[in-house]
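One line per chain: the protein sequences are A and B, in this order.
All residue numbers for the first sequence refer to our numbering, where the first residue is 1 and numbers rise by one.
All residue numbers for the second sequence refer to our numbering, where the first residue is 1001 and numbers rise by one.
Worth flagging that the hints you see were computed from the coordinates, not collected in a lab.
If a hint is listed, it holds; no wrong ones were tucked in.
In silico DSSO-like pairs for lysine-lysine, Cα to Cα no more than 27 Å straight-line:
hint, chain 1, residue 1, chain 2, residue 2
1, A, K72, A, K57
2, B, K1057, B, K1083
3, B, K1041, A, K71
4, B, K1041, A, K72
5, A, K68, B, K1041
6, B, K1009, B, K1071
Only a predicted model underlies this, so the values are computations on that prediction, with no experimental measurement involved.
Take a look at the letters that make up each chain.
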Amino acid sequence: QQQVRQSPQSLTVWEGETAILNCSYEDSTFDYFPWYWQFPRESPALLIAIRPVSNKKEDGRFTIFFNKREKKLSLHITDSQPGDSATYFCASNTGGLSGKLTFGEGTQVTVIS
Amino acid sequence: GGIITQTPKFLIGQEGQKLTLKCQQNFNHDTMYWYRQDSGKGLRLIYYSITENDLQKGDLSEGYDASREKKSSFSLTVTSAQKNEMAVFLCASSILGAYTEVFFGKGTRLTVV
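Take the sequences, apply the hints, and build the full model.
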């Protein structure tokens, strides 16, 4: 059972465009949603995160939009750059003592110039 | 800052073999994790350890054992390697708590022949 789903599986955008990555979840107890990015032959690293007390989190060109009622969130990458080409993972956590995360299967983003 | 060191970087095993992967972190983090990453399937949690004397199963624990030898080290054993298995095993760590950044090591790439 896939508790965190991502779409699309892959996405290609032109430099300067906005890339939109989608994520949905099933477990309503999830209350922390980090996005990790992973470059080829590298390990995942935290990009940006949101908690449901907010419906938007912005960090530079990266913005998370969160819809708690629909259990959906999206990551918008504005003014996409070739250096943004990576696989992006949506993850979730139910809180508690540990930071254990449930990951989606990822969206591979390619930015072409 | 800190670093997570995984050994070995590459591991080739034979079907049925017992294989051990090691992980050391110098962040002084309480919590450590083992994730498995298959191509196109995101990351799946195998085992985690909230504090030094704790050990908990993740969603993918069948076929694996883990051991938290001390606060800084966490090892994973593949109890019986499956033929044609190929995956990257990622060790990670974080401070205690849910809304924390999880840091990943560079991984051990396993191939079973």
